[in-house]
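Generate coordinates for the entire structure from the input sequences, incorporating the hints supplied.
Below, each chain spelled out in residue letters.
2 protein chains.
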Amino acid sequence: MKIHDSFWSGYLRLIKGTVLPFQWSALNDEEGIRVEIENSDAPIPTEKSHAIANLKIAAGLASGTHQGYWFQDTDVYKWLEGVGHILNHFPDKELETLADEAIDLIEAAMEPDGYLNTFYQLRTPELKFKQLHLSHEMYCCGHLIEAAVAYYTATGKDKILRLACKFADCIDQNFGPEEHKRHGTDGHQEIEPALVKLYQLTGEEKYLKLAGYLLDVRGPDCFDFESFYTPKYLQAYARPKEQETAEGHAVRMMYMLTGMAETALHTGDGEMLAACHRIWENITTRRMYITGGIGSTNIGEAFTFDYDLPNDTMYCETCASIGLIYFARAMLNHEQDSRYADVMERALYNNALAGMGRDGKQYFYVNPLESFPAANQNSPNRGHVKSTRPDWFGCACCPPNLARTVSSIEKYMTSIAGGEYYTHLYIGYESEVSLGESSLTLRQEIAFDHRLDVTFTVDAKQPAGAVFNFRIPGWSRSFEACVNGKKLDNPQISHGYLKISKVWSGSETVTITFDAPVLQVSAHPFVRADAGKVAIQKGPFVYCLEEADNGDNLHLVRLTPETVFTETRPNPLYPPTLVCNGERLEVGGEWEGKLYACGQTPRYRPARLTFVPYYSWANRGVGEMLVWVSKR
Amino acid sequence: MKIHDSFWSGYLRLIKGTVLPFQWSALNDEEGIRVEIENSDAPIPTEKSHAIANLKIAAGLASGTHQGYWFQDTDVYKWLEGVGHILNHFPDKELETLADEAIDLIEAAMEPDGYLNTFYQLRTPELKFKQLHLSHEMYCCGHLIEAAVAYYTATGKDKILRLACKFADCIDQNFGPEEHKRHGTDGHQEIEPALVKLYQLTGEEKYLKLAGYLLDVRGPDCFDFESFYTPKYLQAYARPKEQETAEGHAVRMMYMLTGMAETALHTGDGEMLAACHRIWENITTRRMYITGGIGSTNIGEAFTFDYDLPNDTMYCETCASIGLIYFARAMLNHEQDSRYADVMERALYNNALAGMGRDGKQYFYVNPLESFPAANQNSPNRGHVKSTRPDWFGCACCPPNLARTVSSIEKYMTSIAGGEYYTHLYIGYESEVSLGESSLTLRQEIAFDHRLDVTFTVDAKQPAGAVFNFRIPGWSRSFEACVNGKKLDNPQISHGYLKISKVWSGSETVTITFDAPVLQVSAHPFVRADAGKVAIQKGPFVYCLEEADNGDNLHLVRLTPETVFTETRPNPLYPPTLVCNGERLEVGGEWEGKLYACGQTPRYRPARLTFVPYYSWANRGVGEMLVWVSKR
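Protein chains in written order, with the working numbering: chain E, -14 to 617; chain U, -14 to 617.
Each hint can be trusted.
Some chain E residues near chain U, calculated using beta-carbon distances under 10 Å:
id	residue
1	Ser281
2	Thr298
3	Gln505
4	Phe511
5	Ala520
6	Gln522
7	Trp576
Hint data in this document are derived by calculation from the structure and do not stem from the laboratory. Cβ atoms here follow ideal geometry from the backbone N, Cα and C, with glycine treated the same way.
Okay, structure coming up:
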């Protein structure tokens, strides 16, 4: 699939030309990269990545000792996965050479039995597989597998795939229900969905079986819980199949759910799928921010409880939204329903994309819905919220996670299920597909302005019956669809998709126009943080106010029933900027020297307000930002 | 002074009959007391007080080792101070006997050189005076001094005074500017104001000098700062005289300011007093809750920054408000201005009193302005907020601090300055005073209902000139004053006090009626947490909504411009309950299964709302509470 899209092609070029080279520099501790630990109580503050250095030392190619977290290796694996994905879009000899070097290093660092975790190898080999609640050993294996699947698929080079299989086999030989094996799983889920991918690629049943085992063994008897590592934090307060709600560390929860959904796709485990459905409902109707962010508290980077969605103390980790995208995508394999794609799109275009700066060299770990630099700096409760994106982190999971996700955008755009073709995200592309017995060339062109115009062309060399389903986005109120210029008067709609079923012959064109109004969205009244407020959304983009456009004290601003939005487009590659008439509370002399007072008459003056897409915030220096805005 | 007051006499009886006996039980680890650690990361969780046991062990009268914090001794000292104060109001042989027992224990536990800190004596004697940033050794000495001054003053028994002087002399011999002494001060201020009291009682200049030294030596070079114990936390980022704002641990800040104001009163140190003025302004116009609570964050129990007053994650420790009362009282010694007394009253009648349950056996450490039990239980960011008062704490500073403060209420009510008499708080009493050369009998009677009626009678055996100043409370909009029934047409007002200067002869009566309307108070617009909200206040009392009266989801409730309050009085001893017409947002079926939606029309239905005084909340089981209420 070739992406030709005004918005996404730029991202892919950025990943290739800037993001991956920059991240390679970071992984190699090159100069001039500002590393920030993600929160002040991080157990291992690191001033540099040291990820490649760790591998070199473990391989005996350099001296020194391990630095960083016990999962530092995964930064390299995720980068490799990103390289694999981007090579599907662009040939790039330089990146491929770097990747091959890294793979050689991995080979050299790997132990004869397939074990690889430079922290345990270099620091505490006696504790290998003995601290499962914290060790991340399988988590590391999972990321190596995902890198291998991506890199092998893109290049056909199988060295990394052999290494990943060897590591997976090492896990398989050590863990399982058999009496002679260890019984347990990793504190940080990730290997489960990875093993399913490895099964899909290799056809080896043992990997699917291992994924199922690791999901089933999790539970109250599975870990040595201690202080921070509580049963909820680790999603181990009940067996995964029995869980009802999203609890604990949000990224782990997402990776587990993705693994459950992907495993159940192959095993047909109904209980496992039912749990996915229950928890999906819990997240998306009670515990998800409008930006697709999840994790309401920084303490444990975790879910809290229903409708608890504070905008200023939340976590909303970039990786957690990426995990939600994966989970949504996995659910779409089970059930082609637009509610999954709606959430996938929400998380992708907002919380996830906000994780990277426009220059591709700066990243957010935490994605607030309200940023007040004075508070970020002076209130310890908000110390984890950064006002601008750091270059890199002591715990640098997010930057390469973004690289691997954005570089594989095509995996989220479409799917084939039950012999039918589904369009989930509206992104321009061209591809050849086999649908049933037909081979078709598809081309999708997108124009997003006051509305979303989709032009979908099917080229069939020979007449061929095929069913195309187009998602009707949740943010669109109406649409009009034509086939070869002829309007569909009674469009067939199924589970939120417009279904077009016909025999295609020669070049035929479907055009769909979705209206994309500026929406003033309210949150459920039980969401206390958003009471009396609205968020602005247009198309997939949630908007925000920034100080750069609107001055400071953004909480003094409000919309009114008379507020009308107009759209401007400073850059045709980006979504529009929204401008509206609102009001701003004047803070007059009557408050001089007073903190509390009676009978002060609030005076509002008209104010022109400018909203920009949330994903683009914090690209213009330090300043306030606000998603949920008061409304009279 | 004899208190005869419908509100406060009940409190004094409660302190004598219940609070002090209960606290003695707690200090002696008697059965059935539910001890709660104040937050989950407390370094020393204790399941019992062990405070008396520690003294017994240090005295060689029991075996075992120290349990609890390194300042556990102060719980006994503060209790002793409370006993001293209450004996001014009521003779009580039983309490006095218990107190004498405790004093004997203190004597037995004290080392020959006067040193006393059971933690260091029993656990790490080699670290005595070597961990000043955390040790609390002088803090303990300060509380012993305050207990001694109170108990000696009430009973004339001087054993505890001798012990306190001995401990103070031990500090004096070890610390000071002289070369042979240690240079430094305690991490936790408290000894400074205590030493001034000891100076006032004994006339020994050395204690005043030591107070001054300990205040002046504080600064960036004073401590071994480490992790938690930062320069700001310890108010040591600058010399106290140079500080501009309230920073760090709120209780420490208050005790330091009290010490500075009290020291400056005697030394005339203008720089020190100027710092007190600056920081007073900073606190009361930028960093104080409407309840008189201070400390906007639980992390470090600390101040944060201007206008940062979150209602749900704050700390507002009971002890911090008590400290603010002390600081305000000390400032009144310098300057008879009602703004100090207004704040003193606010902190006393709201945050401080809320620290104790109606039964006198349950206490809050943290005093939120918004309590949502689900959040207190499920959000780690609010785990420090308790939905109901525990019986006791691992760190139990607050309960005996309340006991010593409430039992000495008369110290805050009136003062004499420049030969004039000042009434700061309106509480009923009778006393004999010497004013200049006159000896007068004063009687004040109070009726608080729709208004505050003060009847102040002066009995002068012989005609005597005297000036009486009556505070005009900030919450009153108008007043009428009469002398012997004759209205004052041009009352003389000075710095917020009504001044009545005349020759008094026989029995003469001043009557003042202050109106006490129900106020809808707004916060400065920069206080983000209170935007669009009002707090209800009547007289000195801030009010709140409780679930017991108004159902749950209190955030759905709002006042309107048509809201009118009526007052009811279920119990004549307590302030009125306020009832008004408001509105409640209906959460209808249109939200079923939705978290975000557009075009939902909010429907409000009329709702009768009941407000109760904030100090009385959480006496009726677990439920929501809200001070700042939305207003249309």
